[in-house]
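Asks: Now for the letters of each chain:
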Amino acid sequence: LAKTTQPISMDSYEGQEVNITCSHNNIATNDYITWYQQFPSQGPRFIIQGYKTKVTNEVASLFIPADRKSSTLSLPRVSLSDTAVYYCLVGDINYGQNFVFGPGTRLSVLP
Amino acid sequence: DAGVIQSPRHEVTEMGQEVTLRCKPISGHNSLFWYRQTMMRGLELLIYFNNNVPIDDSGMPEDRFSAKMPNASFSTLKIQPSEPRDSAVYFCASSQGEYTGELFFGEGSRLTVL
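In order, the protein sequences belong to chains W and R. FYI, the working numbering numbers position 15 of the first sequence as 15, with every residue one higher than the one before it. FYI, the working numbering numbers position 33 of the second sequence as 144, with every residue one higher than the one before it.
Next up, chain W with everything else stripped away, as it sits in the complex:
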């Protein structure tokens, strides 16, 4: 399993773009990068997944540099409702034991 490192917490203000970076220096060739969001009293929710370069969906963008040793989740124009914990998972998605969640990044969006 590729070890991941994320900031423990981040603060932002409504309307700002938020970038959360995840370091994964020992990422392997078959590893994908997946981000989840968790609100209090709810289960995690899939946000986005990528292998290299840039992936964008209706919720977020995921930027992955060529060496793939880090990745950045970008949330455009956050609102108060984006306050949550964000998890970065790195692993071969063909093996269920790779779905291991670290401590995540607690994002607080302030008015």
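These are computed hints drawn from the structure, not numbers from a lab. Backbone N, C-alpha and C fix where the C-beta goes; we use that ideal spot for every residue, glycine too. Be a bit skeptical, because a hint or two may be false.
[Claimed, not checked] Simulated restraints on C-beta separations:
| hint | chain 1 | residue 1 | chain 2 | residue 2 | range |
| --- | --- | --- | --- | --- | --- |
| 1 | R | K189 | W | S41 | 22 to 28 angstroms |
| 2 | W | A66 | R | H121 | 43 to 49 angstroms |
| 3 | R | M151 | W | Y13 | 26 to 32 angstroms |
[Stated by the list, open to error] Not close to chain W: a few residues of chain R, all C-beta gaps over 10 angstroms, as computed:
| hint | residue |
| --- | --- |
| 4 | N163 |
| 5 | S177 |
| 6 | F185 |
| 7 | E194 |
Position chain R against the provided structure of chain W, taking the given hints into account.
Replies: Here is chain R on its own, set in the frame of chain W:
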């Protein structure tokens, strides 16, 4: 479409009692995961099944914990006997295909062992 359904949502029991948590995965999903979440240890992967077969149970804390998946639409996580340190939120998740990386989580079962 119905998501992953877990029951009970809340359970309060006394130490030594048996606890059974239930999960109904999304129809058509063939992988199922059980997680436990506490403030101290975060989200821990306990066990996962693929096509109803347990693949990896290395995360199960001890022999007091057992999980079964008798068919594609039902799984149980049992704790016998329960202890106060088992108090946590237990999540069930399912995914489609072999592993897509996209897990769909239930709302969790909050267990309190007194």
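Asks: Which of the numbered hints above does this structure break?
Replies: Violated hints: none; all satisfied.
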